[in-house]
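Here are the chains, one letter per residue:
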Amino acid sequence: MNLSKVDNIIQDYKGNPSSLVMILQDIQEELNYLPEPVLNHVAGKLSLSVGHVCSVATFYSSFSLEERGKNVIRVCDGTACHLRGANLLKDEIVRALNISEGQTTEDKLFTLEVVACLGACALAPVMTVNKKYYGQVTREKLLATLEKYRQKDSCVLSEPNDSKKTD
Amino acid sequence: MTVKKLTEPDALAKYRDSLVASSDDGKPCVLICGGTGCRAGGGLAVGDAFREVLEQRGLTEKVEVRMTGCHGFCEQGALVVLKPAGLLYVRVTPEDVEEIVATSIEGDGVVERLTYREPATKKRITRESDVPFYANQQRVVLADNGRVDPTNIDDYIAAGGYGSLAKALTQMQPDEIIDAIERSGLRGRGGGGFATGRKWRSARNATGQPKYVLCNGDEGDPGAFMDRSIMEGNPHSVLEGMVIGAYAIGADRGYIYVRMEYPLAIENLRIAIDQATQRGVLGENILGSDFSFNVKISRGAGAFVCGESTALMASIEGLTGEPRAKHIHTSEKGLFGKPTNLNNVETWANVPVIIDKGVEWYTSIGTENSKGTKVFSLVGAINNTGLVEVPMGITLREIIYDIGGGIPKGRPFKAVQTGGPSGGCLPENMLDLPVDFDQLTEVGSMMGSGGMIVMNDHTCMVEIARYFTDFLRRESCGKCTPCREGVLRMYEILDSITAGRGKMEDIDLLEEICGYVRDNSICGLGKTAANPTLSTLRFFRDEYIAHVKDHKCPAGVCQALTTFIIDEKTCKACGACLKACPVEAISGGAKKKPAKIDQDKCTTCGACREACLFDAIMT
Amino acid sequence: MDMIKTTIDGREIEVQRDRWALEVAREMGIEIPTLCHHSALEPYGACRLCVVEVTKGKWTWLTTSCDLPIREGLTIRTDTPAVIAARKTALELMLAQAPDAEEVRQLAEQLGTKSPRFPDRNESNACILCGLCVRVCKVVTGKMAICFSNRGTDRKVGPPFDRSSDECIGCNACVDICPTGCIESRDEAGIRKIPMLKTELKLADCEVCGKPFAPIRQLEHMQAKLREKFGDDFEAGCICPVCRREQTAARLHNVAEKIG
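Chains as they are written, first to last, in the working numbering: chain A, 1 to 167; chain B, 168 to 786; chain C, 787 to 1046.
Here chain A stands alone, though its shape is the one from the complex (with noise of 0.2 Å):
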């Protein structure tokens, strides 16, 4: 585990015990989610009780302490989405790489969220997969967008190229 990372992000924040929600977040940023032992160090450093730093990592959704997937599918269960059938969308998900909300598949390519609000509501239903949206999802796109991701990261690991019109 690679501490000085770590400690450079406590350091732009000056060992702020007041910034702890925001050192998390870059922490995870950087290292896919918030292992045990990085989080003991964090409390060391910032002089704070290690219950303080579990309570607020388990008390924020965005914060992840097991190990992420390459690939975070986000399907927003925003009003619009689940007007639009962001369940129908999410179900497709979960038959398709056999896993349930929250989960990472086996081969720990993908990992499924569920999010309240995107704010993409106009494109509903919407799904992000890392930082692209994905707009009016269908069966068919998604199926598509999954094989994608799957054969890109047979080789590469990055984003498909950012596609000119939403996929």
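Some clues are possibly wrong.
Stated by the list, open to error - From chain C, some residues computed to sit far from chain A (all C-beta separations above 12 Å): (1) Pro867; (2) Val920; (3) Asp948; (4) Cys992.
Said to hold, decoys possible - Straight-line Cα separation of at most 30 Å, DSBU-like style, residue types lysine-lysine; simulated pairs: (5) A:Lys45 with C:Lys924; (6) A:Lys132 with B:Lys463; (7) C:Lys979 with B:Lys694; (8) C:Lys900 with A:Lys14; (9) C:Lys988 with B:Lys505; (10) C:Lys791 with B:Lys500; (11) C:Lys988 with B:Lys493; (12) B:Lys500 with C:Lys924; (13) B:Lys500 with C:Lys844; (14) B:Lys694 with C:Lys1011; (15) B:Lys505 with A:Lys141; (16) B:Lys505 with C:Lys924; (17) A:Lys141 with B:Lys758; (18) A:Lys5 with B:Lys463; (19) C:Lys842 with B:Lys694; (20) B:Lys493 with C:Lys924; (21) A:Lys14 with C:Lys924; (22) B:Lys736 with B:Lys694.
The hints are simulated quantities; they were obtained by calculation from the structure and are not laboratory data.
From the three backbone atoms N, C-alpha and C, an ideal C-beta is built for every residue, glycine too.
Given chain A's structure and the hints, the job is docking chains B and C onto it.
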């Protein structure tokens, strides 16, 4: 680039004059919507394409390309507006750019196929200002959203930005500012509708230093993105409001709390803070005065409850977002135990407008107790999904039909939900209700932060109550018994009704628990958590009863209580439903043979019904 | 001192401004049930059993009394039908949440709460998430050797990351303060065991009688705290409470004889 700091109020005015003088009104400008919605629809690529094509044609110097904030007409993204003609092109792709440049920039023609076509009349409209979606709005807070480049403070200054701050610093005493805000009747746009001026005054009168001024950009309501669009599209309007507020209250520091799901808003705010500090309209000795105000961004980490003031402050302090009782107001003891004033994004953005245009002008808009405009995000079963700003007092019908263009595919309207998970669902006979704080509260909903979700006959109102209650159950912080345990029990009952296991006495128990949760929870999340359930019980009780007594979901949504059948006479055998069915339960549907559902395989998910172009699938 | 008048259950009294309504009412002999309150800790307002009905001007509302500071113009009633109904529902919800919480069951019986109309949330659970243990730990140790994890209905109390915590000194404060007795502690063969916290700490032997009496870690913690106060030379000694009392008694006896 070193930026010249403006060290006196006059310098701001001079600088603005120089910006205006050096700009050419007649110079063609391509305004591309850079809001999250349009970006998701390929807006950035459209911008790149414009730059590329203009360079190829040697027009880079002659035509400006500007990525602006959200234009609001998200349904039609990616949006492009051409100035000075005011042409609007919708659903633009990079492939269209060459034709646009050739026809409308080099020539003075119109690319007909990219103009907006009104769904009802099928008429094409070329000018942005003629599109009913825009024509029927009154844009005050959003006025500059589609005009200025949010990453360039000079755009904002040229449009008159920070002029209100200069006016406040030079011509008004802090008490006068508070007085003006009080007389303007401005009320909190974040949900509660508390009088902003009164809030400021109590923070000003509170003893203790330092004092904090905060901006709530946590916008957690699913289906709402007003605040995001303002933070993304015109961050300086929020900053200017905060600086004026801080000056009035006597605060020297503050935070903007933004949910991390809004990366673009965070980025644009960060840029705006840097630029404003460099220009001298934020930071130390603002515009050369002895007033200083510094602001930082605090990112939320995914907790709806952090939209609540005390939870928000706990989160900024690095704690879990647990609310506390507000018997002692946050204006006395707020962030880090110090006097604190918190307003929402849209509220802050209203402040410069009030100072600039004056109380009389502002109070001429709106109703007796709700002044000014309100921004709504209009979503759901509506033709023109997007961001709308309307004067308070406009009716729901005007918003939904005149601006929103009605319900897609001519389906019947069923309900409109305002106020997100804290609000309620209003039925058709309330469409003529004037929209303001008090009217909405009176009928059991609330203004909330401005989500407006339109529902058609394919929406089950029990399921919608279940959906919101499920959301709240997940988002409750878990501190107090009523919210943690009560909302859970509400959810269980709603879930059992939608699953066909409901009993009539459950409805009574549900109502009883709703009342308990409303009256006994610590914070606003719990106190309003029953609204979706209570409002649907009030206006759509027959649907609850149909689920329980008849074991039927009239809307055909609840899977356990629905059977879909295909009407052979209406079916055109197009095969659309076959493609949509995730479990291959549909056969036929080709060669003029009507489709048929195998009920043993069917999971009644409803995908076929939504896919059907002829309304042939019925419950 | 800022004294103001207030009325509780029809009796007007003069109290110091900002005193907690619950404490004032109890001093007046009015019974108000609580489960998450302890006078040594800051008010928390989680269990909602201490609700009262407050009237100010034309407004009347229900609110908790533990965190209600008494200010001008408040009239408080602790016994209205709305108050009783709210307490009953709170207990009903807590009983379904923690069916094994004997304290809750007794209170529910006193107030006449029927058996819950909801299914049990957890079998054999007595924790009502009142947070007293978490808060007392913070006061005693300055740490959170026992903490909340997760949120909403997933909220739970336990050691951080469900692992034995180095920060637990085995002081048993959480055990003693828990209103439903759901944190168990026992000393066995020179070891203090608090299974819920996965704590197992070696006990120190009394210098006098030789019997194990308190976790070494707790004594070290106290020693450090005392040294902060009285300087680095301070030696607390390792004597169990029984022997310490005997020693003190003996000393007093000697003094008495000398004066005698």
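Here is how each hint holds up against the structure:
With a least beta-carbon separation of about 37 Å from chain A, Pro867 (chain C) lies farther than 12 Å from that chain, consistent with its non-interface assignment. At roughly 8 Å, the least C-beta separation between Val920 (chain C) and chain A is not larger than 12 Å, which violates its mark as non-interface. The beta carbon of Asp948 (chain C) sits about 9 Å from the closest Cβ of chain A, which is not more than 12 Å, so the claim that it is off the interface is violated. Here Cys992 (chain C) stays apart from chain A, with its beta-carbon at least about 30 Å from theirs, past the 12 Å limit.
At most 30 Å may separate the alpha-carbon atoms for a hinted pair to count; Lys45 (chain A) and Lys924 (chain C) meet this at roughly 19 Å. Only pairs whose Cα atoms come within 30 Å are accepted, and Lys132 (chain A) paired with Lys463 (chain B) is accepted, the gap being roughly 28 Å. At roughly 41 Å between alpha-carbon atoms, Lys979 (chain C) and Lys694 (chain B) are farther apart than 30 Å, so this suggested pair is violated. The straight-line distance between the Cα atoms of Lys900 (chain C) and Lys14 (chain A) is roughly 55 Å, outside the 30 Å bound, and the hint therefore fails.
At most 30 Å may separate the alpha-carbon atoms for a hinted pair to count; Lys988 (chain C) and Lys505 (chain B) exceed this at roughly 44 Å. With a CA separation close to 24 Å, the supplied pair Lys791 (chain C) and Lys500 (chain B) stays within the 30 Å bound. Between Lys988 (chain C) and Lys493 (chain B) the CA atoms are separated by roughly 44 Å; this puts the pair beyond 30 Å, and the hint is violated. Note on Lys500 (chain B) and Lys924 (chain C): the hinted pairing holds, with a Cα-Cα distance of about 22 Å set against a maximum of 30 Å.
Pair hint Lys500 (chain B) plus Lys844 (chain C) holds up; C-alpha atoms about 26 Å apart against a cutoff of 30 Å. Annotation: proposed proximity of Lys694 (chain B) to Lys1011 (chain C) is violated, straight-line Cα distance about 43 Å (limit 30 Å). With a C-alpha separation of about 52 Å, the suggested pair Lys505 (chain B) and Lys141 (chain A) falls outside the 30 Å cut-off, and the hint is violated. For the suggested pair Lys505 (chain B) and Lys924 (chain C), the alpha carbons sit about 22 Å apart, so the restraint of at most 30 Å is met.
Among the hinted pairs, Lys141 (chain A) with Lys758 (chain B) is consistent with the structure: their alpha-carbon atoms are about 26 Å apart, no more than 30 Å. Between Lys5 (chain A) and Lys463 (chain B), the direct Cα distance comes to roughly 23 Å. Compliance with the 30 Å bound is thereby established for this hinted pair. Our distance criterion of 30 Å between C-alpha atoms is met by Lys842 (chain C) and Lys694 (chain B), whose separation comes to about 19 Å. Straight-line distance between C-alpha atoms of Lys493 (chain B) and Lys924 (chain C) comes to about 23 Å, which keeps the hinted pair within the 30 Å bound.
Straight-line distance between C-alpha atoms of Lys14 (chain A) and Lys924 (chain C) comes to about 25 Å, which keeps the hinted pair within the 30 Å bound. At most 30 Å may separate the alpha-carbon atoms for a hinted pair to count; Lys736 (chain B) and Lys694 (chain B) exceed this at roughly 50 Å.
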